[in-house]
Amino acid sequence: MNAKRIFAMMLMLSLVMVLGAGCAKKTTDSMPSSATKVEISDKDTDWQKSAPAPESRSLTEDEIRAQQREQAQREVGNVIYFAFDSFELTPESRDVLTSKAETLKKYSLFNIVIEGHCDERGTSEYNLALGERRAKASQQFLNQLGIATERMTIVSYGKERPADQGHTEAAWAKNRRDEFMIQN
Amino acid sequence: MKLKIWILTLLLLLASGDTLNAAQTLSVDIFGPGQTRVNILVLPARGVGGASATALARNFGEYVQGDLGFLPFLRLAYLNEVLGGDPSRGVKSDDIDFKPLQMGRIDLVMTIGGSGQDIEARVYETFTRKLLVGKAYSQVGADGVAHVADRFCAQLMRVLTGKSGFFDSTLAFSKRVGGGKELFTASALGRELTQITRDGGYNVSPSWSKDGRQVAYTNISDRGHRLGLWDRGRRFSRLRKFAGDVVISPTFTPDGKIAVALSMGGHPDIYLLDADFKVSQPLAPSWAISVSPSFDLSGRKMVFCSGRLGGPQIFLLNRDTGVVERVTYEGTYNTRPSLSPDGRFVVFARMTGDGHRIFIRDLVANQERQISFGPGSDEDPSFDPDGYFVSFSSTRGGGAKIYVTTRYGDAAKLIPTGPGDAMAPAWGVATALD
Chain A
1 MNAKRIFAMM LMLSLVMVLG AGCAKKTTDS MPSSATKVEI SDKDTDWQKS APAPESRSLT
61 EDEIRAQQRE QAQREVGNVI YFAFDSFELT PESRDVLTSK AETLKKYSLF NIVIEGHCDE
121 RGTSEYNLAL GERRAKASQQ FLNQLGIATE RMTIVSYGKE RPADQGHTEA AWAKNRRDEF
181 MIQN
Chain B
1 MKLKIWILTL LLLLASGDTL NAAQTLSVDI FGPGQTRVNI LVLPARGVGG ASATALARNF
61 GEYVQGDLGF LPFLRLAYLN EVLGGDPSRG VKSDDIDFKP LQMGRIDLVM TIGGSGQDIE
121 ARVYETFTRK LLVGKAYSQV GADGVAHVAD RFCAQLMRVL TGKSGFFDST LAFSKRVGGG
181 KELFTASALG RELTQITRDG GYNVSPSWSK DGRQVAYTNI SDRGHRLGLW DRGRRFSRLR
241 KFAGDVVISP TFTPDGKIAV ALSMGGHPDI YLLDADFKVS QPLAPSWAIS VSPSFDLSGR
301 KMVFCSGRLG GPQIFLLNRD TGVVERVTYE GTYNTRPSLS PDGRFVVFAR MTGDGHRIFI
361 RDLVANQERQ ISFGPGSDED PSFDPDGYFV SFSSTRGGGA KIYVTTRYGD AAKLIPTGPG
421 DAMAPAWGVA TALD
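Read top to bottom, the protein sequences are chains A and B. Just so we're aligned: 18 in our numbering is position 18 of the first sequence, and the numbers increase by one with no gaps anywhere. Just so we're aligned: 65 in our numbering is position 65 of the second sequence, and the numbers increase by one with no gaps anywhere.
Please keep in mind that the hints were generated in silico from the structure rather than gathered at the bench. All residues carry an ideal CB built from backbone N, CA and C; glycine is no exception. One or more hints might be untrue.
Claimed, not checked - Sample of chain A residues at the chain B side, in silico, Cβ under 10 Å:
no., residue
1, Asp85
2, Thr98
3, Ser99
4, Glu115
5, Gly116
6, Glu120
7, Gly122
8, Ser124
9, Asn127
10, Ala129
11, Leu130
12, Gly131
13, Ala135
14, Lys136
15, Val155
16, Arg161
I would like the entire structure built from these sequences, with the hints used as guidance.
Now the structure itself:
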């Protein structure tokens, strides 16, 4: 609120200065007759009202970036899934990854983290290795589509972070996955 | 917690000579083909001169019985198995009528005496009437009585079997804290529970150095995998990043190096790190996943889990010859092996239709058998320093908890670790933190 008020005050001051300069030169005698005459009035103006509202100001660079980041996250956020003890990409996963590659080309400033996850049926250490293979499968596929490997970081969580806490095949299927996060 | 007690481990008069003789009389071969079972009766605690027992002595007796319950080669007998009830008038051999004990097939009898903050404990062999173990402890505080009971049972186990690693070890394990996991230590009986790391993220796969001074582990966070190293002396942990994307299953070798699965060549292989954490050539490399190394006491044999032939199976590397041998043929998913210190036995987790179960393979006799039976899933088996007990984590009670069985598959006992899931127990020779 304070920031808004200060912003409005500064705007007001600068307008006063501009108009003040105008007021100093009231006569336009030296101007050619064809020139448009400017009527200058000294009457009071409600500066507060005419100053543009702070809300309508244009977005800062950071805000634009945050918006883009959000948009990019929405576009790359789709999860891909795997079969048990497998890191093979299904045809559906390849389609999803292809559209992610387009997004990453569009938002070339952003890097991503690829998280590899497993279901609870495997044991923890082997799952950490399997999670890496899953994340790597996506990384390699995206790399083939022209995304630099340096833009993609891999983190394998194994079975530490299930998306679904259940103990059914449906839950396990949701947990064998790669997740994609915009990093910066 | 600092124990505020002075334990005088005074061997009672005549005890040393008798212990030696008695040990020759009765010993338990816990590594023999058929496990013998010895009946032990713990008599009710007594006061001095006919006085009733102190609460401290009674407590001591309860802790001892709890401890002995972890030793499957002992069976706790009940007083009603003895004709005529309590056959003792005091705590020494002259005060005990051994005949009804012998008739009741009680092999060992324990007496407890206490006055004030002093406790005396003796175990006699009933058939020879000889003293096996006799100890006196003075200035025992209420908070130290469990520790004293543990020390007495360690001595009894040592006299009976020649081993006491179970009581002398500290377990390090991973435990759920908030949304992540941190490392804790506790004695094998669940005492002295202490949180040792506060790194954030997930701390998993702890492994003790053989001197008990360090614990290596994996830290997983949004910054990736890092090798954690906790220093017991400084009570301090630090994290180290490596090239590649993973740091999995760091394990100390007997000579103080760390073997760890790193992904230097596109998939996890097992590498040895030198003292400066420099990575050397991989051990038993392949095109597929290799994780979970475990060494025998010589450090020349290494078992590990690898997907080099398809699904995960257990393999054995002879580091002298470089030969890699497949260990498991049954089942399609065998993981997380632990090699016994003598290099003869491998315990591992096998996926069955009912979840994972712990199996043991005798590498000499080429025989395999199941030693854990669920329900739920039994994972992360680990041999104790004697190669007799096997700890593992199990979801049999709902959440994951730590249990201990033996290599013979004796009934599993829960090791109390407080609320919250606990897993990946690792044995260290160090005594519990004080």
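For the hint on Ala135/A, just tell me whether its beta-carbon gets within less than 10 Å of chain B. holds, 7 Å
Tell me if Ser124/A is really an interface residue toward chain B, meaning its C-beta lies closer than 10 Å to one of theirs. Where the cut-off is 10 Å and the nearest Cβ of chain B is about 6 Å from Ser124/A, the hint holds.
Take the shortest C-beta to C-beta distance between Lys136/A and chain B; is it under 10 Å? The hint holds - Lys136/A has a Cβ within 10 Å of chain B, the shortest such distance being about 7 Å.
If you take the shortest Cβ to Cβ gap from Gly116/A to chain B, is it below 10 Å? Since the shortest Cβ distance to chain B is 9 Å, the answer is holds.
Does the closest beta carbon of chain B sit nearer than 10 Å to the beta carbon of Val155/A? holds, 5 Å
Interface restraint verdict for Gly122/A against chain B (beta-carbon cut-off 10 Å): holds, 7 Å
Classify the hint on Thr98/A as holds or violated, based on whether any CB of chain B lies nearer than 10 Å to its CB. Violated: closest Cβ of chain B sits about 22 Å from Thr98/A, beyond 10 Å.
Does the nearest C-beta of chain B fall within a distance shorter than 10 Å of the C-beta of Glu115/A? With a minimum Cβ separation of about 9 Å from chain B (threshold 10 Å), the hint on Glu115/A holds.
Hint validity - Asn127/A Cβ closer than 10 Å to any chain B Cβ: holds, 9 Å
Are Leu130/A and chain B close enough, Cβ to Cβ, to be under 10 Å, as the hint says? Holds. Min distance 7 Å.
Agreement of hint Arg161/A with chain B interface, Cβ distance less than 10 Å: holds, 8 Å
When the least beta-carbon distance from Ser99/A to chain B is tested against 10 Å, hint result: violated, 24 Å
Violated hints, listed in ascending order, are 2 and 3; each of the other numbered hints is respected by the structure.
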